[in-house]
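Trainee: Top line first, the protein sequences correspond to chains U and V. So for the first sequence, our numbering puts the first residue at 69; every next one is plus one. So for the second sequence, our numbering puts the first residue at 4; every next one is plus one.
Rather than coming from a laboratory, the hints here were simulated on the basis of the structure. As the structure is a computational prediction, the values presented were derived from the model and not from experiment. Be aware that one or more of the hints could be misleading.
Below, simulated DSSO-like cross-link-like pairs (lysine-lysine); rule was C-alpha separation at most 30 Å, straight line [said to hold, decoys possible]:
#1 V:Lys-17 - U:Lys-110
#2 U:Lys-69 - V:Lys-17
#3 V:Lys-60 - U:Lys-110
#4 V:Lys-14 - U:Lys-136
#5 U:Lys-136 - V:Lys-60
#6 U:Lys-170 - V:Lys-60
#7 U:Lys-69 - U:Lys-110
What follows is each chain in one-letter form.
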Amino acid sequence: KQEVTQIPAALSVPEGENLVLNCSFTDSAIYNLQWFRQDPGKGLTSLLLIQSSQREQTSGRLNASLDKSSGRSTLYIAASQPGDSATYLCATNSGYALNFGKGTSLLVTP
Amino acid sequence: DTGVSQNPRHKITKRGQNVTFRCDPISEHNRLYWYRQTLGQGPEFLTYFQNEAQLEKSRLLSDRFSAERPKGSFSTLEIQRTEQGDSAMYLCASSLRQLGRETQYFGPGTRLLVL
Numbered sequence: 069k070q071e072v073t074q075i076p077a078a079l080s081v082p083e084g085e086n087l088v089l090n091c092s093f094t095d096s097a098i099y100n101l102q103w104f105r106q107d108p109g110k111g112l113t114s115l116l117l118i119q120s121s122q123r124e125q126t127s128g129r130l131n132a133s134l135d136k137s138s139g140r141s142t143l144y145i146a147a148s149q150p151g152d153s154a155t156y157l158c159a160t161n162s163g164y165a166l167n168f169g170k171g172t173s174l175l176v177t178p
Numbered sequence: 004d005t006g007v008s009q010n011p012r013h014k015i016t017k018r019g020q021n022v023t024f025r026c027d028p029i030s031e032h033n034r035l036y037w038y039r040q041t042l043g044q045g046p047e048f049l050t051y052f053q054n055e056a057q058l059e060k061s062r063l064l065s066d067r068f069s070a071e072r073p074k075g076s077f078s079t080l081e082i083q084r085t086e087q088g089d090s091a092m093y094l095c096a097s098s099l100r101q102l103g104r105e106t107q108y109f110g111p112g113t114r115l116l117v118l
């Protein structure tokens, strides 16, 4: 059974800092990995999807990398803003169902 | 808006009552998923449909839970004889698998509170 772990569980940074969120998974037989953002009490917004054959994806200030062989992915957020405050979830896809980590709760202070 | 929609957004019910949630996927998407999320946890897979066929069910989906997707369009998730442990956010997602690639798009969720 795929186990997805996200570290740290919570993170607080001042505005403007660059930061890295980590995601690890136990089974490397994945089709892709997705990073999501979730605001309190809301649904999930897809940020980036990395296919298993890719090493990274970029969207604006976000960059996600994937090292399938070591079972790791990172989400890099450049020049953080208070509006980035949310919970960030990573999820692996090995066929149909997504396997989620518990998320990293990010607070960016002005 | 062409996103995934879910209704109701919030539901409060008494233990033992039945509840039904609805999900309207993105119109051209043939796959539809249900997940459940409890506080502080990531979403957990419940079931999925390809068109109108229910292809997989998690062991989390007890016999009190039933899901349908008539005509391969919207889907309903019914919980019979609700228990306090059913309190959670129920999330629906849809996707279209093309050329081996698939991105799941999530709705806003239905938050259930069982008293």
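Trainee: Which earlier hints turn out false for this structure, listed by number in ascending order?
Mentor: Hints 2 and 4 not satisfied by this model.
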